[in-house]
Amino acid sequence: MNRPRRKRHVKRWLLLAAVIAAACIAWIIMWRPALAPQTAIPSFDDTRIARGANVATLGMCASCHTPDLSRPFAGGKPIETPFGTVHSTNITPDAATGIGTWSLDAFTRAMRKGVARDGHLLYPAFPYNHYVRMTQADIDDLYAYLMTRPALDAPARPNDMTFPFGLRPLVAFWNLLYLDDAPWRPDPAQSAEWNRGAYLADAVAHCAACHTPRTLLGGPDIKRQLDGGEAEDWYAPALNARSPSPLPWTRAQLASYLRTGLAPDHAIAAGPMQDVVMLLAQARPDDVDALAAWTHSQLARAPVRETPANTPGPLPAPRADDPELAAMRLGHALYAHSCARCHDAGRAASSGTALPLQQAIALYDPDPRSLLHLIDDGVHPPDGEAGRTMPGFRNILGDEQAVALAAYLRKYGAGQPAWPDLDDTVRKARTP
Amino acid sequence: MTAYRLQVNGKQHAVDTDPDTPLLYVLRNDLALNGAKFGCGLGQCGSCTVLLAGQPAMSCMVPVSVVGARPVRTVESLGDARQQHTIGVLQQAFIDEQAAQCGYCIAGMIMQATALLEREPQPSDARIRAHMAPNLCRCGTHMRILRAVRRAADRLAKDKR
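Listed in order, the protein sequences are those of chains A and B.
FYI, the numbering for the first sequence is 176 to 607, going by the numbering used here.
FYI, the numbering for the second sequence is 598 to 758, going by the numbering used here.
Calculated directly from the structure, the hints in this document are not laboratory data.
There could be a bad hint or two in this list.
[Said to hold, decoys possible] Only part of the chain A face toward chain B is listed, based on derived beta-carbon distances under 10 Å:
1) Trp206
2) Ala511
3) Gly567
4) Ile571
5) Gln576
For each residue, glycine too, the CB sits at the ideal point set by N, CA and C.
Whole structure, please, built from the sequences with the hints as guidance.
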């Protein structure tokens, strides 16, 4: 009689011990201490600040932390994630609402570990899983730059996370999976410029944050490095052998694209990439050239393909035996009446003409999102910036017309197999 | 030439024209509705803005073939002082703020603003600015135009109360 009861007791104690042990381990994983606030902002010499400005530009800080150009680095931009909406925060040296009380140690810990000065875990919308590989010199310079910006009063906007992601300590488990703190290593077989570009692309400009697909947990899918991801519901093209570009990128085109957003006869930057090129235009030209050298070496792995881009000209009418003849005829008519006026007008590049559509990379993407954004919203240079414009057709084309146009362009412009679920993607893109 | 039936400002019209004819040309040349103006013809200035199914659209970019059954509204639908002896709240606000200089962009501006106020009767100043951004005024009366839209929004809110 006695033995089973004792056994039950033992089991209970073991269970309790296991729960306590698990809680301790979770505590160790999730808890980070607060670091002492600094009471005064140190002074920095100008060369450090200038170098830091270049790091901030290449690190794309402003693309999230400066949604309002009149208030640099004051934050407040909503960033949609599958786990809720995160708002970028104030990284000006304001003591109350910014990072004025953050010592260099606290700043370094945030950059490398994703931990705020007070010990709370930052969401990985902040790409510390890339910044972790920045050199300490770059972090020091960035700190000098940010700490010498005008302090602005801008309290953090509350995030709107879906349950249970509002619990910040859970980010610790994300960090176990995705925060790789191995330092960046140069490849001795490559040139110094290539290595500079590789370092900037990975540790600073965090290209892979958009151009690598993400797992269900929102981490980088490292087996598919640079295989193409997404940004603000645009397809971010693969930057490796899977590059959708129908014509091989030349290095000169890439350098021009990254600095100006415009690669003559090849591509223009649109969507979230506009912010990127706007910032790169302010970075050191040799750094942007290094980025172009590295990116080109990745894109050069893509096989040269036989595509309609090699023979640009007006797109053809659908074949008489096309199984979707009615929709393709509609698409062709829309192309002829709306797109061709600029895209296939046969004018010289200087007179406002646009890329022949066979050469438009969005037609070759594995999904139609970027093309639909271009059709619906067009291309508009950021406020006050010069650049190519394209009017949007959202209010002009009905849903059925947009589907027909995209399907026609895919088939008769790019000669690629139809996108699955095009109807659904159009409807989703147009739901406010 | 193809026959199209268009619903413009509440009236049905039959026109016979090429499918790629811009809606703007049909409005001006076939229907004698000269409010919408030809500015750039490239969808970059907004002087031809009309409402297509309630949404602002630059009519120089709209091939007549895509309109279908969607109703079209032009500035004439808001009120015409000569014919109906009344004008709309927005038109009055533009007069009160003296928002027109040469006036060429104004019909488009008013239709762009109409689209906003019909959906959002009480927009913030920032919202008005963002919404009106596609429409250009080369005389530079943008500040007066923004004030006129503000005035119309405030007037509509007051009338509602």
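For each hint, the structure was consulted:
no. : hint   : in the structure
1   : Trp206 : violated, 41 Å
2   : Ala511 : holds, 7 Å
3   : Gly567 : holds, 8 Å
4   : Ile571 : holds, 5 Å
5   : Gln576 : holds, 6 Å
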